[in-house]
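Asks: Given the coordinates of chain A, assemble chain B onto it according to the supplied hints.
Going down the list, the sequences are from chains A and B. Just add 1 to the spot in the first sequence (first one is 1) and you have this note's numbering. Just add 14 to the spot in the second sequence (first one is 1) and you have this note's numbering.
Treat the hints as calculated values from the structure; they're not laboratory data.
Lysine-lysine pairs mimicking DSS-like chemistry, simulated, CA-CA at most 30 angstroms apart:
hint	chain 1	residue 1	chain 2	residue 2
1	B	Lys43	A	Lys21
2	B	Lys122	A	Lys36
3	B	Lys31	B	Lys43
4	B	Lys58	A	Lys272
5	A	Lys21	B	Lys26
6	B	Lys58	B	Lys31
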Amino acid sequence: MTGPSLMDSLFQRTLEDLIKGLRLHLVHESTFISKSLDEIRREVRSPDLDTKAAAVQKVTYLRSLHGVDDSFAAFPAVELAASPRFRHKQIAYLAASVSFHSATAVLLLLTNQLRKDLNSSNEFEVSLALQCLSVVCNLDLARDLTPEIFTLLSSSKQLIRKKAIATILRVFGEYPDAVRVCFKRLVENVESSDPQTVSAVVSVFCELASREPNSYLPLAPEFYRVLVDSRNNWVLIKVLKIFANLAPLEPRLAKRIIEPIGEHMRRTGAKSLMFECIRTIVTSLSDYDSAVRLAVAKVQEFLVDDDPNLKYLGLQALSIVVPKHSWAVVENKEFVIKSLSDTDPNIKLEALRLVMAMVSEDDLSEICRVLLNYALKSDPEFCNEILGSVLATCSRNVYEIIIDFDWYVSVLGEMTRIPHCQKGEEIESQLIDIGMRVKDVRPELVHVGRDLLIDPALLGNPFLHRVLSAAAWVSGEYVKFSKNPIELMEALLQPRTGLLPSSIRAVYIQSAFKVLTFCLHSYLFAKEAVASSSSCAYDLESGASDSIPEKGCPEGSNLATSEALASSEQNEDFNRSFLCQSVEDNCTENDGDTLVAPGPSSSSASLNKLQFTRGSIINLLDLIKTALGPLAGSHEVEVQERAWNVLGLIKLVEQEIQDTPMQNEGKFVMEELKASEIMKLMHDAFFGELGPVSKSAQERVPIPDGLMLKENLNDLETVCGDVQLPSTCSFSLGKPHFEESSGSLFDFQKKEELEPSSESTSMLAEHRKRHGLYYLPSEIKETTSSDYPPANESKLAISVSVSDDVDYLVKLTEQSLVPKKKSNQTKPRPIVVKLDERDGVRIAANKPESKNDLISGAVREVLLGNEGIPTSSQGKHFDKLSSKTRGKEKIAIVQPLGSTGLLANAGNSELANSSPRRSKHVSHGKEKKPRSPRNNAEGCEERSYRDKKKGDHRHVKNKARQSADGGVNVVAQTPVIPDFLL
Amino acid sequence: IHFVLLISRQGKVRLTKWYSPYSQKERAKVIRELSGLILTRGPKLCNFVEWRGLKVVYKRYASLYFCMCINQGDNELEVLEIIHHFVEILDRYFGSVCELDLIFNFHKAYYILDELLIAGELQESSKKTVARLIAAQDSLVEAAKEQASSISNMIAQAAK
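For reference, chain A alone in the conformation it holds in the complex (with noise of 0.2 angstroms):
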């Protein structure tokens, strides 16, 4: 027997017959895969290295390519690794590139291979090791093998070498402290002569700088070398990279590179290396007027070129300047026009975005007609960027780009119209946001609305039912500047409402319920207003019909006989539709006249122009009545809540509307009085003035000495026993963090309240618990708030209405729930959600801070000493000190360095090559210039032994160094120092 393993050496399939396996069932493409997983499986069990190796290979493919888990393929892998052979060398470390990550199990045991191959002297199993390494490494692995690479780095093998130091980016991302050993080295390789090398540490400290930069000012210098002598086109746009970090840290840097800089400019004929240039200028140099004259002159080339690349990264590039420079757009505002129709969406987005950029109070209109009808052209894609950026930009801070806010209504209005708005979301929160924000220009929103709600083809489009939502909402809360509240429920009531989602009918039939109440209130006042005035006053539809062309009289004046009556009620069919229309008439009438004007006394003001008549209430009444009645049954909660709150007051008012020509005066004035009563009370419920609420406002309120907010709510459950217990728990039901605090602020509100009337509690409690029924379950926005009053509770309030003094308590209840509306309205969505935004951005953004505040401490630590690391935010004003004084630590740190570890004996040598570079960085102090003339050896020493004293306790190894060789140093900087800084 030879046994399976020599079977399968013999017959297994190569890669090419996987592959070429692959290519023809393609059909079942799933099925030969697992097929072939499963000989994998067997043949990477094989001891014979050549068929492991084709398996891995072929798990490899299949890895890559197709996305198997090929976790079982891990360990032979690792045994492939150690084969002698190269090529099995080569497909191992592809594998573990491929499919191993920085948690494998396995890659412990690659650690001693990985060793062993980075010290082999075969140059490419050293580069395979490094390959692999770069791709897998984890912190151990860093740890572990940070000596090998920092003996690479001066590899005499420049393929090595660069690959090491490419390598030493990832060590130093798992293993910040590997900076300090292998630092200097890397600083070293700058110098190299051979180019690679130095693209490589160039981009090496190009990632590096990008992630913290403050750490490398140092060895600005160096850099500044490579920027003015490399003629390498990837080295440069490097350098340019981490130039361009560096700048806005160093202000006198930031005036030494703009020279190099525009010389490149100038020079260069590739496209990449002036882009960077541009970027660099725009970017980091905003400051330097002639630099960025330059860079723009040059985006315009870039825009007028034919490839689609440069002019879009044109258009990036005066996306970055245009909030120091505005005039580079406005010079390009005709080119930027255009490429909204371009045909690259790309192109497009980022000329919307410039478009958005350079707006400003002045031209906004202008730039909305443009950008709306540019949306209504384009396609529903770019079509909504369009309008998303348009909402975003005219909400940027609370509106302030806006000053015509009729305007801007109108144009949220005219958005919604776009076919193929999908904004609903943002037009709905802003329609609100300014209703509550801005008081005048709520006559036009109301008007706005109203259109929005006739249109009955709005309602087909489920992007727009929010937009319908808000609509509703604004009409019904601001419904004292409709022109024609009977309109408006009509169009609220409408029969395609039905297509709403429940929640938004909800909204619909509350905000129904405000147009009733302020309907029927209205049309009691006027009444009774009448009634007061002429004893027997009670309108007549025959009279109506007379009195609502002639505006401004009141109704009441049109008597008319009981016999016109009777006669009427015949009739009112006929009237009904009459009146339907005359209203209209009015109202169209009204249309042409000035707005109604949102005075103190707006209701009256109304009163002027629509005239309520008995036939037109009872119309109302009826209409809602036939809308609403089979909405009592349905299996939605919020809207069938809802619809028994109106038909319940429209039941309580009706009777006595329409009883009161049957009855006698004396029972009909009185009647007539409870239901105006009522209708005072629903009317103050609702029109108290909602405003916004700051996100923070709940924190302010102070909780009073002697108020525990625990104890409250055990008192209430006391109070109101079980009734209470399903809204607590409703409470908890959502989020739950945020919930409890509204709940307990609104406990805490309820409980100030029950303090002045403390001997009402049990009403209040019982007024609370059909409130804290409605109120808290329903999540859906900001109707909720204004939600509770329904007509049971009005119910109660006629029972007990006999009294005088309860009657005033309920007044007082009625009244109370207006601040809480208040707190509750805008809190429950906003806040919840932009806490979690904030919590989830504040999370992400610490993490990969940590680690590069690890790392770029490090490196302070290797340039500064140990010696006071600064913060990064101790950033500019301790510049001019630091960077002077951390070029000298840097001198003093070499030392110890250098004696540390491997390099003991090198120490010296190694300083005195590196001093012209180091001694730059001494003079780069301001100190330098007064100084400068002295070159001379005593000149220099003496100012080190100056810095010592300030630096104090570093003072025992700067002398060491001093001693050590301060005199190469010396000699070796002299003639350097006139090269850099003015």
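Replies: This is chain B only, laid out in the frame that chain A set:
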């Protein structure tokens, strides 16, 4: 560079190389998203796509899309040049490269890419050097292979 993808026009992945850690699930998602994003773009559009706050630079050569994902601040044109560079090296190595070459020699494509980029950074900007290095490695492999095949022949004969 976060990763390199080669996608054929039919949406088949031809080569993937990840320089940043992505789990297998994420990888599959990334590939799906990007191939949807890139393959639908017309020929005359620019070669950059913004994606999840990163940028993807892609270029089409024959039926293959070469995509590289970079940071927002990186130089797009440079990456385009890297792509071109890669393609030229492939071309030189395979002798007018085509998709099939990459399919059947996927490991070689990896080796070349590894010479070109390490840890997401450009390493070797000279085509000649890359070619030389790859050739040297290939000869090593060939030597090993000959040895291996002779051994397996011996075994095979012994088995008979």
